[in-house]
Amino acid sequence: MHKNQLIIIFLSIILLVSVPLNFLLFYFAKKYYLLLNYHKLDPFGINYYPLNVNQNQTLNSSQKNVVFFGDSRVLTWVPPTDFDNFIFLNQGISGQTTVQVLGRFNQHIKPLSPDAVSYS
0 MHKNQLIIIF LSIILLVSVP LNFLLFYFAK KYYLLLNYHK LDPFGINYYP LNVNQNQTLN
60 SSQKNVVFFG DSRVLTWVPP TDFDNFIFLN QGISGQTTVQ VLGRFNQHIK PLSPDAVSYS
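Quick note: the sequence shown uses numbering that gives the first Met the number 0, first residue 0, plus one each step.
The hints are simulated quantities; they were obtained by calculation from the structure and are not laboratory data. For every residue, glycine included, the Cβ atom is placed at its ideal position computed from N, Cα and C. The reader is advised that the hints may include incorrect statements.
To be verified - Subject to a maximum C-alpha distance of 30 Å in a straight line, what follows is the list of computed BS3-like cross-link-like pairs (lysine-lysine): (1) 29 to 39; (2) 109 to 63; (3) 109 to 39.
Unchecked claim - Cβ pair distances, simulated, as ranges: (4) 9 to 33: 34 to 40 Å; (5) 80 to 19: 44 to 50 Å; (6) 109 to 36: 45 to 51 Å; (7) 94 to 23: 32 to 38 Å; (8) 83 to 20: 53 to 59 Å; (9) 82 to 46: 28 to 34 Å; (10) 27 to 97: 44 to 50 Å; (11) 24 to 45: 18 to 24 Å; (12) 27 to 63: 41 to 47 Å; (13) 37 to 78: 25 to 31 Å.
Please work from the sequences and hints to get the whole structure.
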């Protein structure tokens, strides 16, 4: 093979590897950028749990309302089904710090007026 052909093959291989890697890099950079700006716009995650119909029904219920409130440990918790007199509401948000969890207490817990709150 001639020297020019080897250079063309080498540059073609570099181009074929570089283009997909640049797309991958752009994908991760965009994902990080959106996540960073989401936390700047809503640092406490207030919009994560808007007050919806199910929560309004919980407020008017004759059963005892228990709210589990916290971070990812609370979010992954499965409410028990053995208690007929209780309604369990999960208000966990994954990845939150203690400051973020406490910062959203007034918006996510007080309007529900629960009988008990479990904070983790």
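The hints, checked one at a time:
A hinted pair counts as satisfied when its Cα atoms are at most 30 Å apart, and residue 29 with residue 39 qualifies at roughly 15 Å. As the CA atoms of residue 109 and residue 63 are separated by approximately 15 Å, the hinted pair is consistent with the 30 Å bound. For a cut-off of 30 Å, the pair hint linking residue 109 to residue 39 stands: about 24 Å separates their Cα positions. Checked against the hint of 34 to 40 Å, the pair residue 9 and residue 33 passes, with Cβ atoms roughly 37 Å apart.
Checked against the hint of 44 to 50 Å, the C-beta distance between residue 80 and residue 19 comes to roughly 48 Å, which is consistent with it. One distance hint, 45 to 51 Å for the beta-carbon pair residue 109 and residue 36, is violated here, with the actual separation near 28 Å. Checked against the hint of 32 to 38 Å, the C-beta distance between residue 94 and residue 23 comes to roughly 23 Å, which is inconsistent with it. The hinted window of 53 to 59 Å between residue 83 and residue 20 holds, with their beta carbons roughly 57 Å apart.
Evaluation of the 28 to 34 Å hint for residue 82 and residue 46 yields a pass: the beta carbon distance comes to about 30 Å. Taking the beta carbon of each, residue 27 and residue 97 are about 28 Å apart, not inside 44 to 50 Å as hinted. Between residue 24 and residue 45 the beta carbon distance is about 32 Å. The supplied range of 18 to 24 Å is therefore violated. Judged by the Cβ atoms, the range 41 to 47 Å given for residue 27 and residue 63 holds: they are separated by roughly 46 Å.
With their beta carbons about 27 Å apart, residue 37 and residue 78 fall inside the hinted range of 25 to 31 Å.
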